[in-house]
Amino acid sequence: MKLLSDDALHEVSESMESLSRKGISRRDFMKFCSGMAALLALPASLVPRIAEAVSGKKPYLVWLEFQDCAGDTEALLRATKPAVADIIFDIFSVDYHETIMAPSGRQAEKSLQDVVKNNKGEYFVVVEGSIPMNDGGVYCCIGGRSAVDIAREVCGNALATIAVGNCAAYGGIPAALPNPTGAVSIKEAVPDAAVINLPGCPVNVENLTACIVHYLTFGSLPNTDKLGRPYFAYGKRIHDNCERRAHFDAGQFVRQWGDEGHRQGWCLYEMGCKGPATFHNCPVVKYNEGTSWPVQAGHGCIGCSEPNFWDTMSPFYRRLPEVPGFGVEKTADKIGIGMVSLTTAGIAVHAVANAVKKKKSGEDKETE
Amino acid sequence: MLKRVYVWEFPVRWSHWILASSIAVMSITGYYIGNPFIPAASSNQYLMGWMRMIHLVAAAFFNCDILLRIYWAFAGNEYAGWKTFFPFSAQRLKELSGMLRFCLFLKKNPPAITGHDACSSLIYLLVYVLFIGQTITGFALFYLANPLFIWKLLGGWLFPLFSIQTVRLYHHFVMWVLIAFAIVHIYAVWVLDQARKDGSISSIFTGYKTIEEDED
Numbered sequence: 110m111k112l113l114s115d116d117a118l119h120e121v122s123e124s125m126e127s128l129s130r131k132g133i134s135r136r137d138f139m140k141f142c143s144g145m146a147a148l149l150a151l152p153a154s155l156v157p158r159i160a161e162a163v164s165g166k167k168p169y170l171v172w173l174e175f176q177d178c179a180g181d182t183e184a185l186l187r188a189t190k191p192a193v194a195d196i197i198f199d200i201f202s203v204d205y206h207e208t209i210m211a212p213s214g215r216q217a218e219k220s221l222q223d224v225v226k227n228n229k230g231e232y233f234v235v236v237e238g239s240i241p242m243n244d245g246g247v248y249c250c251i252g253g254r255s256a257v258d259i260a261r262e263v264c265g266n267a268l269a270t271i272a273v274g275n276c277a278a279y280g281g282i283p284a285a286l287p288n289p290t291g292a293v294s295i296k297e298a299v300p301d302a303a304v305i306n307l308p309g310c311p312v313n314v315e316n317l318t319a320c321i322v323h324y325l326t327f328g329s330l331p332n333t334d335k336l337g338r339p340y341f342a343y344g345k346r347i348h349d350n351c352e353r354r355a356h357f358d359a360g361q362f363v364r365q366w367g368d369e370g371h372r373q374g375w376c377l378y379e380m381g382c383k384g385p386a387t388f389h390n391c392p393v394v395k396y397n398e399g400t401s402w403p404v405q406a407g408h409g410c411i412g413c414s415e416p417n418f419w420d421t422m423s424p425f426y427r428r429l430p431e432v433p434g435f436g437v438e439k440t441a442d443k444i445g446i447g448m449v450s451l452t453t454a455g456i457a458v459h460a461v462a463n464a465v466k467k468k469k470s471g472e473d474k475e476t477e
Numbered sequence: 030m031l032k033r034v035y036v037w038e039f040p041v042r043w044s045h046w047i048l049a050s051s052i053a054v055m056s057i058t059g060y061y062i063g064n065p066f067i068p069a070a071s072s073n074q075y076l077m078g079w080m081r082m083i084h085l086v087a088a089a090f091f092n093c094d095i096l097l098r099i100y101w102a103f104a105g106n107e108y109a110g111w112k113t114f115f116p117f118s119a120q121r122l123k124e125l126s127g128m129l130r131f132c133l134f135l136k137k138n139p140p141a142i143t144g145h146d147a148c149s150s151l152i153y154l155l156v157y158v159l160f161i162g163q164t165i166t167g168f169a170l171f172y173l174a175n176p177l178f179i180w181k182l183l184g185g186w187l188f189p190l191f192s193i194q195t196v197r198l199y200h201h202f203v204m205w206v207l208i209a210f211a212i213v214h215i216y217a218v219w220v221l222d223q224a225r226k227d228g229s230i231s232s233i234f235t236g237y238k239t240i241e242e243d244e245d
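Respectively, the protein sequence lines represent chains G and U.
Basically the working numbering = 1-based index in the first sequence + 109.
Basically the working numbering = 1-based index in the second sequence + 29.
Treat the hints with care, since some could be wrong.
[What the hints assert, rightly or not] Simulated pairs of lysine to aspartate or glutamate, EDC-like, Cα-Cα distance not exceeding 16 Å:
| # | chain 1 | residue 1 | chain 2 | residue 2 |
| --- | --- | --- | --- | --- |
| 1 | G | K443 | G | E431 |
| 2 | G | K229 | G | E262 |
| 3 | G | K467 | U | D222 |
| 4 | U | K181 | G | E431 |
| 5 | U | K112 | U | E124 |
| 6 | G | K335 | G | D349 |
It should be emphasised that the hints constitute simulated quantities derived from the structure, not laboratory data.
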């Protein structure tokens, strides 16, 4: 059976030559393509199509950083197997990335402008970090322009915008209460842009690559949920795919850091793990190319791929959030038990009063 | 003259006891799900699994029961009818103030009512709002692991309107409100049973109350 056309084979082999010069074997490349197919939940029969698409024309890609910590950039650069990182950089023509590009100053701004002007509607933008809107957006300026101004121009003219990390997707940590800079997500800052959200702290680079591979293969971005996250990566809850789930069902829980259960690798539910409230493919794909992920390392999930996780998922080491309007140390259970006790006390008082009243009316009758 | 009146028809009594027992079961299992206080001795146990299973089965009983009771609010007798739970007419507001004055010892006897008095009606209305809130948030939390359209329709639509943790907190906290309600409910029935001597307590088992009839 012939899976590829002659032209495609030629193209793949050309691309393979360039990769083999970098020390990446054909085997590595096909492994990468199979991995992408698996991640996107595609059948193996589509692997050749992926290989063809990935070795075709390189899309332009610019990477913008706003109110961020460069954590997503780190995630991209810290790939443990250099081969895959090389493949990623071979797929894209990365024309602007503040942290890793060679040019600086005006030259750097020029390379961004070149992409935006010459390839209007044909390039991808990856956005990292939130965009401050308060006071005209003065809290984040690059090359004399505000983040919102840059985002409107660059994302507004892009083929697609990929918001990586929670900050770009939902405002993240800069948008946590009291949100002093008025930080918003890229979708809120540029409502017209075609945005796909890849939240996480940091983003899982495999998901970012898979999104672009999906686009190259099918000419469209993957389907997303209500929160703009692709289903292939955010369709399942962490809790339901967790390697410690069996301990949850059995009823074996870590109750204190370093206790016997913790050493045995039991469920981190009691330690405030937010796996039951978080949708992400961490348990399956893991971070740094399958090395590990927080729960495997013995720490509960903090829900970093959910909107406003810093506010809604905290306290990170407790099961439930604080009850609004009460002190920090008041849990729902303490307040609930307090309420039930007060009710019981109220009833006791009422019952005593009732008895006294009855006795009195009884005495009245006797004296009559 | 005393007269036996059939107040609580069978569906009313049935739904009352199913509600009471399912709430008791769901409070215990639900508390365990929120705070697994019994440690499992071995990996072969299925403690949390069973707790969740029992919680979900009890929830199914609870939900069907709510549907039954709502149906009976339209099909049942005057004491079970939906109108009784909206005590906002002038006469019933007067009844409400009478009840409140009785509770505060400002009035010697409670108003003579055969079915639900205005005060209880109002509380039951609020409790039903809480019940339906528990149902919706319960289905929402169930939907997280079972993203089918039916569960989305019954509760999953709450996301992303509210964060998952907010829904969880609400669902947990209302349990305490309902426990407090149950305590007040039992006490109030006892007090009224004593004051009216109409057999309020036995009426939820037999359906009959003993009412003093006006001579006409």
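Here is how each hint holds up against the structure:
| no. | hint | verdict |
| --- | --- | --- |
| 1 | K443/G to E431/G | holds (11 Å) |
| 2 | K229/G to E262/G | holds (10 Å) |
| 3 | K467/G to D222/U | holds (14 Å) |
| 4 | K181/U to E431/G | violated (27 Å) |
| 5 | K112/U to E124/U | holds (15 Å) |
| 6 | K335/G to D349/G | violated (20 Å) |
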